[in-house]
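Asks: The chain contents come next:
Number of protein chains: 2
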Amino acid sequence: MASPLARKRISESTIHRLSLYYRTLSLLEKENYETVSSKELAKREKLTPAQVRKDLSFFGSFGTRGLGYNVNELKSKIESILGINRDWKVALIGVGNIGSALVSYKEFAKQGFHIIKLFDNDQRKIGSNHKGIIVSDIKNLDSEIKEAGITMVILAVPATVAQYIVDDVVKAGVTAILNFAPINLRVPPTVHLRNENMSMELEYLSFAMVNNHAPKKSK
Amino acid sequence: MASPLARKRISESTIHRLSLYYRTLSLLEKENYETVSSKELAKREKLTPAQVRKDLSFFGSFGTRGLGYNVNELKSKIESILGINRDWKVALIGVGNIGSALVSYKEFAKQGFHIIKLFDNDQRKIGSNHKGIIVSDIKNLDSEIKEAGITMVILAVPATVAQYIVDDVVKAGVTAILNFAPINLRVPPTVHLRNENMSMELEYLSFAMVNNHAPKKSK
DNA sequence: GTGACCATGTGAAATGGTTCACAAGAAGTA
DNA sequence: TACTTCTTGTGAACCATTTCACATGGTCAC
Numbered sequence: 242m243a244s245p246l247a248r249k250r251i252s253e254s255t256i257h258r259l260s261l262y263y264r265t266l267s268l269l270e271k272e273n274y275e276t277v278s279s280k281e282l283a284k285r286e287k288l289t290p291a292q293v294r295k296d297l298s299f300f301g302s303f304g305t306r307g308l309g310y311n312v313n314e315l316k317s318k319i320e321s322i323l324g325i326n327r328d329w330k331v332a333l334i335g336v337g338n339i340g341s342a343l344v345s346y347k348e349f350a351k352q353g354f355h356i357i358k359l360f361d362n363d364q365r366k367i368g369s370n371h372k373g374i375i376v377s378d379i380k381n382l383d384s385e386i387k388e389a390g391i392t393m394v395i396l397a398v399p400a401t402v403a404q405y406i407v408d409d410v411v412k413a414g415v416t417a418i419l420n421f422a423p424i425n426l427r428v429p430p431t432v433h434l435r436n437e438n439m440s441m442e443l444e445y446l447s448f449a450m451v452n453n454h455a456p457k458k459s460k
Numbered sequence: 242m243a244s245p246l247a248r249k250r251i252s253e254s255t256i257h258r259l260s261l262y263y264r265t266l267s268l269l270e271k272e273n274y275e276t277v278s279s280k281e282l283a284k285r286e287k288l289t290p291a292q293v294r295k296d297l298s299f300f301g302s303f304g305t306r307g308l309g310y311n312v313n314e315l316k317s318k319i320e321s322i323l324g325i326n327r328d329w330k331v332a333l334i335g336v337g338n339i340g341s342a343l344v345s346y347k348e349f350a351k352q353g354f355h356i357i358k359l360f361d362n363d364q365r366k367i368g369s370n371h372k373g374i375i376v377s378d379i380k381n382l383d384s385e386i387k388e389a390g391i392t393m394v395i396l397a398v399p400a401t402v403a404q405y406i407v408d409d410v411v412k413a414g415v416t417a418i419l420n421f422a423p424i425n426l427r428v429p430p431t432v433h434l435r436n437e438n439m440s441m442e443l444e445y446l447s448f449a450m451v452n453n454h455a456p457k458k459s460k
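First to last, the protein sequences are chains Z and D.
Yeah, the first sequence ends on 460 if you go by the working numbering, and it's all consecutive.
Yeah, the second sequence ends on 460 if you go by the working numbering, and it's all consecutive.
One should not assume that every hint holds.
Because identical chains cannot be distinguished in the list, a pair is counted as satisfied if it fits within a single copy or across any two copies.
Restricting the straight-line Cα-Cα distance to at most 27 Å, the calculated cross-link-like pairs of lysine-lysine (DSS-like) are [claimed, not checked]: (1) Lys-412 <-> Lys-284; (2) Lys-387 <-> Lys-287; (3) Lys-380 <-> Lys-271; (4) Lys-287 <-> Lys-412.
Derived from the structure by calculation, the hints contain no laboratory data.
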């Protein structure tokens, strides 16, 4: 059995699949499943049972031979692996198209990501109320982020200003950034950065159609 | 040199990186770069030069030894590989939070993805105007999609109804679907499906923070 | 034209990720 | 208890992707 804390490099794909398992386990829970086998889980994700077992084995042995995994238990194990067994305070910067959609995006809150601060530089937006949150002036970014103890930020600003804001939020102590701007950002090595690029998947689709690439499971 | 039409399986990662190269080439074009080396391109994407050259080599030899790649030319090569050297007519289904943000999302149009039809089942939304497009009743999905010759659809509806709509759009002749609903959809093998799961990247961030996973380049 | 330099394109090697195959553990049955 | 059945957990084998390393071919200065 692998120790939960074994310092082994876990692949990005494994983590992404844990997210999928988590979502499916939540569903199984609602459907009142007691247990689930790697076979069943694999079927739902269009993966192989071995893949599922291997992914989980990096973190421990959570199953029972002959029986499978206890749905509740596995779900909560994955929660703690992914770090979503707690509440995250998140600031959202840029209350434009994407930004305002994200404020209302329920999946985030479901998994413990709570947007508690909104920032913008547009005077018409500052002071306005989105889902109970008042939009702050981006000038107050530093103090408000520090005060609220926020370490995670969603960036939904135009590409032209994204880097400046990144520099600022990093100074304010943020260590995780989810970036929606179509630009490559620079962050210090201590800061985690992920990019959400919605065109990418459309481009993959058009590639697949044009080249008659065999349809495959999606990421 | 690999023939552009060699039937070799191209990896998903390679295609995603082409998207990145494309974006950066557009930028370089604006910055009036004539040529770019694999080294420079790699630096901007935080990849290795060999990776860049290998990716491109699957599709042909586009560079000049001693000089690098012509920015304009490479950009247009990638455009045709990705199938974005043409206009795609896209229908967007579900004009809620996410949906209405996507209508205004400029990156799509920039790359040739034109949302020309909106559908919803909410009487209050049907008939309303979003960026010049009138929201249609989802009841007319089949006829309107066929009539407009749409083959690509963005799905931004609640998870509970997503599968029904997928079945309908497939019947209407759609062969590519970008799904934002947090659910695993079933499509026939002839239909391309990609999922956009915005929670996944946040979960990756929280995993990285909690496990002190060395920050790495983002996808 | 010649020489120095540079960066591509690509086999081969190395690395990393997925699948196989099976020993071993647990549950249920008689 | 003994037997059957089921499914996990995991080394080993396999396959895919990335990186290395270098021959090749082109540019540019003089």
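Asks: Could you check the structure against the hints above and give me the numbers of any it violates, in ascending order?
Replies: Numbers 2, 3, in rising order.
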